[in-house]
Amino acid sequence: MEIQIEIVFALGAALFAVAATYFLWAYKKDFNSAFLVSFITIISYTLMLEGSLVSDGARGGEVYVTRWLFYGLSCSLLMREIASFLKKSQSETFFLMFLTVLVMGIGAAAAYFDGWYKIGLFVLSSLAYILLIYPLLTSISPHRNAVAKYLLLGWTGFPIAFLLAPDGFGIITASTAAVLYLVLDIFTKIIFYFDLRRKMEAGIA
Amino acid sequence: MEIQIEIVFALGAALFAVAATYFLWAYKKDFNSAFLVSFITIISYTLMLEGSLVSDGARGGEVYVTRWLFYGLSCSLLMREIASFLKKSQSETFFLMFLTVLVMGIGAAAAYFDGWYKIGLFVLSSLAYILLIYPLLTSISPHRNAVAKYLLLGWTGFPIAFLLAPDGFGIITASTAAVLYLVLDIFTKIIFYFDLRRKMEAGIA
Amino acid sequence: MEIQIEIVFALGAALFAVAATYFLWAYKKDFNSAFLVSFITIISYTLMLEGSLVSDGARGGEVYVTRWLFYGLSCSLLMREIASFLKKSQSETFFLMFLTVLVMGIGAAAAYFDGWYKIGLFVLSSLAYILLIYPLLTSISPHRNAVAKYLLLGWTGFPIAFLLAPDGFGIITASTAAVLYLVLDIFTKIIFYFDLRRKMEAGIA
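Residue numbers (the numbering used here), protein chains in the order written: chain A, 1 to 205; chain B, 1 to 205; chain C, 1 to 205.
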């Protein structure tokens, strides 16, 4: 039995509404990225639930291109946090954030276009992603291992889900993909702040 | 007798052209936001006058979605000025500018979509707006009262006009709304720099 | 005999792929703008090659609006480099980058719209461009002449090509314009880094 995709999107919006409220109350920093990331994600799920910006995948299934544009916003804020943990310079932080926006923007184009263009754009986006995470995985920092686990188990799940979803080869349905993306969103945008970020701030991770 | 909306838009473009020219000549700062804000507003009025990006409101009347996207650009620059008056940190300034872009982006989505989505997105945008202005209204600064008057009388006029306009419930016509928005634009983007900004810089306000 | 426009775009994508690879290997700075500019240009050429975002010019020929949006990204990074050579303050650098994005965004609108709107938007974009380069051409810096030659021979070629191309008056075909743009792209985005940038860094220019 197929899960209704609207339920997944509504659940996503509700969950991130709770997370945004909690982070608003719990975090009292000058730049409350935990709140912003969850707030951006509510909007992303709301637009996917509304559904009029969806496009048809060439191999069947629905492609939600806007998802990747919102990841451009939220993930550049997550990257700002990661760069700050790893004590990157302001200049390198800006570079990493810029590259994150490119990875997601090219990903959106890969989801939208078809055939060889889809494959070519996906390859370009993946190359940019490797350039993005490689310097982070090889940083000299006590937080390196914690960051590596988070990136490799969390962020790297997205391009894999992309390939399986109607965004890519359409091996799984849009609904199954939506569940997969939601689990990854929870891990990378909520648990990240609850767990890893707190540990890193306490100097444990 | 209904005012022709094209006249309002042409008047807006002309007025902000004069303002941009004046601010270009009068302000000699490294970052001339007064000029940029007026210049962005010329473009916004020009595109509304051209008219091909307009959409039909569900309750009748025309909805100019691009207006809100241009506010995202101009109001984040205004927020930068306000944050600077209130001596906010660089990090908090960036947070406030980012949130301003979100308020306006979600507002554009609220103007574009209909029914419960319009209402839901308007509520989300308003919540973000409250989060934006609350820390400004409660700042410990000699400029707090001047900023509060400007935000409450000027900025807060926009969501009210939105609700009345075809953007929202369509109680007033698109032309009447255009006049209302123009008055608010003059107050928040021209008089702001002439009056409040000058006072604050002189340490009077 | 007319050159096939697809060949020009494919050549552009291939050339900037080589350049991006080289700059990735050769430049080891915190903020590798040389790589980013070339990488952004690959994407721009790929989307023009794909062709589904093209629009018809009023005077015949194809108009590639997305080109100007990608220039907004790449040229603001080039402007960051130029501002850094000329030892501009962080605040003025941000102003110049913001203005660069506006010049290209308004240029995209000028390419898209027709008639008096095209002309009006082109004039506004050109005015913004003059405001952008005037303070650079009159900077007190040992690098002023080198920057002036680069801007006047390179950047200023773009609005001229725009006027001749289907983007503007449609005097030359889209294919001829594509060749012209490609030559300018190579000069301003590859040779710039190879030649001028290296000279300036060595203190020769």
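In case anyone wonders, no lab produced these hints; they're calculated from the structure.
Note that the coordinates shown come from a computational prediction; the quantities given were computed from them, not determined experimentally.
Possibly wrong hints are sitting among the right ones.
30 Å max Cα-Cα, derived DSBU-like pairs, lysine-lysine [to be verified]:
#1 B:Lys-29 / C:Lys-87
#2 C:Lys-28 / B:Lys-28
#3 A:Lys-28 / B:Lys-149
#4 A:Lys-87 / C:Lys-149
#5 B:Lys-87 / A:Lys-28
Against the structure, the hints:
no.: 1; hint: B:Lys-29 / C:Lys-87; verdict: 16 Å, holds
no.: 2; hint: C:Lys-28 / B:Lys-28; verdict: 36 Å, violated
no.: 3; hint: A:Lys-28 / B:Lys-149; verdict: 26 Å, holds
no.: 4; hint: A:Lys-87 / C:Lys-149; verdict: 39 Å, violated
no.: 5; hint: B:Lys-87 / A:Lys-28; verdict: 18 Å, holds
Consistency with the previously given hints fails for numbers 2 and 4, ordered from lowest to highest.
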